[in-house]
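**Student:** Sequence order for the protein chains is F and V. Letter by letter, the first sequence follows residues 1 to 813 in the UniProt record's numbering. Letter by letter, the second sequence follows residues 1 to 487 in the UniProt record's numbering.
It should be emphasised that the hints constitute simulated quantities derived from the structure, not laboratory data. Only a predicted model underlies this, so the values are computations on that prediction, with no experimental measurement involved. Please note that the accuracy of each hint is not assured.
Pair ranges (Cβ atoms, derived) [what the hints assert, rightly or not]:
#1 V:Ala430 with F:Pro133: 29 to 37 Å
#2 V:Arg5 with F:Asp678: 18 to 26 Å
#3 F:Asp98 with V:Ala420: 41 to 49 Å
#4 V:Pro96 with F:Glu225: 57 to 65 Å
Covered stretches of chain V, going by a simulated chain F footprint (3 or more residues, C-beta under 8 Å) [as the list claims (entries may be wrong)]:
#5 74–86
#6 460–468
To give an idea of the interface, some chain V residues facing chain F are shown, with a C-beta separation under 10 Å as derived from the structure [unchecked claim]:
#7 Glu42
#8 Pro96
#9 His100
#10 Gln113
#11 Cys114
#12 His156
#13 Ala385
#14 Lys386
#15 Ile403
#16 Ile407
#17 Arg409
#18 Gln450
#19 Lys476
Beta carbons are placed, not taken as given, at the ideal position from N, Cα and C, and that holds for glycine.
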Amino acid sequence: MSHLSERPEKPVVGVSMPHESAVLHVTGTALYTDDLNHRTKDVLHAYPVQVMKAHGRITALRTEPALAVPGVVRVLTGADVPGVNDAGMKHDEPLFPDEVMFHGHAVAWVLGETLEAARLGAAAVEVELDEQPSLITLQEAIAAGSFHGARPMMLTGDVDAGFADSAHVFTGEFQFSDQEHFYLETHAALAYIDEAEQVFVQSSTQHPSETQEIVAHVLGLHSHEVTVQCLRMGGGFGGKEMQPHGFAAVAALGARLTGRPVRVRLNRTQDLTMSGKRHGFHATWKIGFDAEGRIQALDATLTADGGWSLDLSEPVVARALCHIDNTYWIPNARIAGRIARTNKVSNTAFRGFGGPQGMLVIEDIMGRCAPLLGLDPMELRERNFYRQGQSTPYGQPVVHPERISAVWQQVQDNAGIADRRREIAAFNAAHPNTKRALAVTGLKFGISFNLTAFNQGGALVLIYKDGSVLINHGGTEMGQGLHTKMLQVAATTLGIPLHKVRLAPTRTDKVPNTSATAASAGADLNGAAVKNACEQLRERLLQVAATLLGSNASDVRIVEGVARTLGSDKELAWDDLVRTAYFQRVQLSAAGFYRTEGLHWDAKTFRGSPFKYFAHGAAAAEVEVDGFTGAYRIRRVDIVHDVGDSLSPMIDIGQVEGGFVQGAGWLTLEDLRWDASDGPNRGRLLTQAASTYKLPSFSEMPEEFNVTLLENATEEGAVYGSKAVGEPPLMLAFSVREALRQAAAAFGSSGVSVELASPATPEAVYWAIQAARQGDVSRNGHARNGFATNGHAGNGHVANGRIQTDAKALSGA
Amino acid sequence: MVAARITVNGKEAPISPAAPHTTVLDFLRERGLTGTKEGCAEGECGACSVLVARPGVNKPTDWVAVNACLVPVAALDGQEIITSEGLATAGEPGMPPTLHPVQEEMAVRGGSQCGYCTPGFVCSMAAEYYRPDRCAHADSADSTDHEQGPNGFDLHALSGNLCRCTGYRPIRDAAFAVGMPTDEDPLAQRREQSPPAPVATEYVQNDSVFLRKSTLAETLQLLRERPDAVVVAGSTDWGVEVNIRSRRADCVVAIDRLSELRELRVESDHIEIGAALTLTEIERRLDGGIPLLAELFPQFASRLIRNTATLGGNLGTGSPIGDSPPVLLALEASVVLADADGQREVPLADYFTGYRQSVRRPGELIRAVRIPLPLSPITAFHKIAKRRFDDISSVAVAFVLDIEDGIVRKARIGLGGVAATPIRALTTEAALEGRPWVAETVEAAAPVLQAEGTPMNDHRASADYRSAMLGQSLLKLHAQTTEAVSS
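Isolated chain F, as found in the complex:
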């Protein structure tokens, strides 16, 4: 067992406990960025001037009418920027653009004494536009050859030879939708000017260091003049990794120019129309199987809808390519990736970060090809699992392939698959208008940032004279329970009860140069850094204790707040130990650091071992589908997930359940639609409200939901033997989509390959049922691949251009 993974006696990690802020949450006393507004004096409110056209050059921007509105204090434009007019890291996203690149692009911001004044001021700003042609859909961008950024190519083996050796070769195409984060708390920032023109920004950000960096470069300041703090976020999911920076910069610029605190808080419509989403993808593929159904070769091109600027699209596409294998060995592969440039919001990180998109392509292939190969889908999947000694298409050995089959077997046992498949067959035989199906899918997800440099974490741990401990680390809390885990890690390493430890809000002046809380790596990186700092402190305190206890430091243990030496009854309480150490002038603070060992990645050749380890899981989902409407329910879901040895089981199970339901939302319900017509609203997001963009509610929760964590699953390479958990469970939801496909197929004769649009809305399922009934693969087959030729479910592509934008159409009185 490695030093990093080994747990001491009576560890606090591994104990099931609620979120550290649970009491604050339920009483409404937990503070979020915008809650600080009321506690701050003389705050100005910022409101964006959004231009409602998809593309055009600004020929005139008149701000005087806004200044005439009572209560308007100032209008921020590009001319006001003292530093770099850019909100990102690629210098391709001007904070105040002179070219409108998407419908709803903010070109100026109005500051008002009240939000109402700022809103009226924004409405008064006059913008003249020289409209330009726009590209809205992925198909339009591909046809126009509109791409930006890197064009990676992942190669392994000999693809042509692989196809030559294949008994069956299939080709296909698949387009699937984007997804809105819909964190319940929209983007928010509050900035004020501190002493000596220093800037302090409260921001709802997953990446305070980068927010700091961008605020500094917009204002023309050094990083040490800007402090960013994140108390907590009301959800992030990747949507607050890159996207908060510009909003924080607007607040900071406003504060700089007016000398007053400035608050930016997007309302839901602004958040939906201005911030990036999960990338929708288009894929073309050709796959070869041998006579037994083993994959011989895969040739695919994945095109991500990047939107107007690059943002994180390049690493998202890299991760998509690195996950197209999922749990399957592909000996010969040629996978191309590219990023379409469209006139839409700049798509960005979202839980899974391209991984779900890559994996959806192969899982869709498996689901479509199984009937064509005459194999049960579970059997086809199982035959292709990685075995010992095999490597991924990018050259990383899959060192624990037995985990893939372990979770796969265990979920089948837990779910009673064999019996239930018989019950389902009997049910289906008796019910012509209702069909059930059960599908099992697995996952393998690489943990670490592909870019090696990001795999570092820092912490600052302070012990005060009274024995209380305050920890700071570089990670942010967005609901995932990172802070809870960090408290448990610190208490475990120091050997003290949890209540002795408190956690301070994330601030850039405590821990510098942090990585985003992303890539599921928050606990791995920051936990190891907290552990490192606590170990330094523990070593110093053990020396003090050894002297007091009359023994050698290596024989002293601190357990549950009491230091003891081996073979002695003498005890020393933690508080006394700390006080003594203070009087002996022992340093009671320590900075911790961690870098993930053993990673390498060559982005040019697209080869290396970018991941520290893989997370695994498997899910069995049963659905029931109504043949009249395509409506469905998720009857039962069983999951076995590998989180290593859990740091905090209640937190981890919460992540698994929440990720699963969010994934099911992406794949079945959440349906972003864009106006792709040539009408006056071209490029407009049609689903820009909670009333039109539907998240899973209670009705989408599995009626029976059993989540089990894989036992005895120590991960040698991570803190206290745990594994990352944030992103991987999202991909367990493939089981729901595959179950829907199989249920639709059950309305037809056996052996029909069913193509299913994604999201698989009731409408999409209905068309799949109709196709299965007709045994006519070509109907759905060519309304094909989720394309919306007849206005059927698909990606905002409504054929006859009659698009109703009745946002007024709300139920209720």
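Take the given structure of chain F and dock chain V to it, following the hints.
**Tutor:** Showing chain V alone in chain F's frame:
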């Protein structure tokens, strides 16, 4: 007239200087009660849920959960509300508060992750916790109904609350674990006292005014004088206009507490439902007496919306995708319209004249809805939507059938979502009447129904799907009725 005031968590506060359009949500947040959150500002997410003391169905007062983002604070002049902060009992300085039982269950079971939706969930959950007729099931072992807890907790109480983090399982566990209020519970005791009476309100700030009159006659007179006035009951539609489309009105008139609009009367040949009764009140007072309405209510928006929304509002708005018109059309309902000169009764089938247009004249109010008796025996409401709970219909179909000796004697079919107004499927009704209720009839009539209306493509559904669903709904109804007979 006394200055407008509201009691929040037991403390009275003036509403001034809030603007007349200021929502309860913004009012609370500006007073530092930031536990109430804005997630969507259109009554869809429930992060702003608070409890309001309202006239009860089984006790003098019910604690009713509402969306604070939709209700103007001036509408709660003289009323009492409780927020998530007020549910907990403050501890000694430096000590944690004593959690309310629903807060306790939510906290210990992992019901919160990011915590942003949590105060809203807690309030919705508390309202159900205090529902007087909630009772534990005798046979709690039989928990086959995953929407009903062994403690009698109806999960639909939370259908208007969205959580993006948890996947809901721990929240459901918390909801199904809460016990019954103790006798000492102050909010339980509060139910035994009368609710705050409605207060005549004239709340003026700058150039706009929020008005509430004491009687229908005064209100109708006012509407004659102010034809520009926006009339609100639950404000679930107007609140969206204010928040999302930034509409402002010089004059808003509240009618939701007028006693003349809040009667429910069963006469020999009809049932009259007051236009300002909330959907929740109608649901509980009818108690299944009109089966088609009982089928409608759980599918109509969410509990949070139903707690303030009214039938009058749904018909007054006149949206082609409102869920009550298809049902009321199938029931052959009529509306009673009143103005300062008197009242008239108009069949609902003649009421809608165009997209969000009706025969209702300026200054005229919907006073009541009349549903003729006796009711026909076979009814069904099919709502087609993306999401099962709390979604807007792509298509809604309501059926009322009289089948005697296997022959369809009468068929009434109301449709929503397939035309500029809610419509009756008259051709299909004719294709069914006088024919036997058998597969051949249904298969012949389904294409007729499928061709009714002129559905369109939008973000909710394609026109093809909408049409297909009309035909399928008839096939489904037939399957349901014949399965019911055979089983």
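**Student:** Each hint: holds or not?
**Tutor:** Quick rundown of the hints versus the structure:
1. V:Ala430 with F:Pro133: 29 to 37 Å: violated (51 Å)
2. V:Arg5 with F:Asp678: 18 to 26 Å: For Asp678 of chain F against Arg5 of chain V, whose Cβ atoms are near 54 Å apart, the range 18 to 26 Å is violated.
3. F:Asp98 with V:Ala420: 41 to 49 Å: At roughly 42 Å between Cβ atoms, Ala420 of chain V and Asp98 of chain F fall inside 41 to 49 Å, so the hint holds.
4. V:Pro96 with F:Glu225: 57 to 65 Å: violated (38 Å)
5. 74–86: Coverage by chain F holds here, the residue count being 3 at a Cβ distance below 8 Å.
6. 460–468: With 7 residues closer than 8 Å to chain F, the region 460–468 of chain V meets the three-residue bar; holds.
7. Glu42: Nearest chain F Cβ about 6 Å off; hint holds.
8. Pro96: holds (6 Å)
9. His100: Holds, because the Cβ-Cβ distance from His100 of chain V to chain F comes to roughly 8 Å (cut-off 10 Å).
10. Gln113: holds (4 Å)
11. Cys114: holds (3 Å)
12. His156: Holds, about 8 Å.
13. Ala385: holds (8 Å)
14. Lys386: With a closest approach of 5 Å, the Lys386 of chain V hint holds.
15. Ile403: violated (20 Å)
16. Ile407: violated (24 Å)
17. Arg409: With a closest approach of 25 Å, the Arg409 of chain V hint is violated.
18. Gln450: violated (12 Å)
19. Lys476: This hint holds: Lys476 of chain V lies near chain F, its Cβ roughly 4 Å from the closest one there, short of 10 Å.
The structure shown violates the earlier hints numbered 1, 2, 4, 15, 16, 17, 18.
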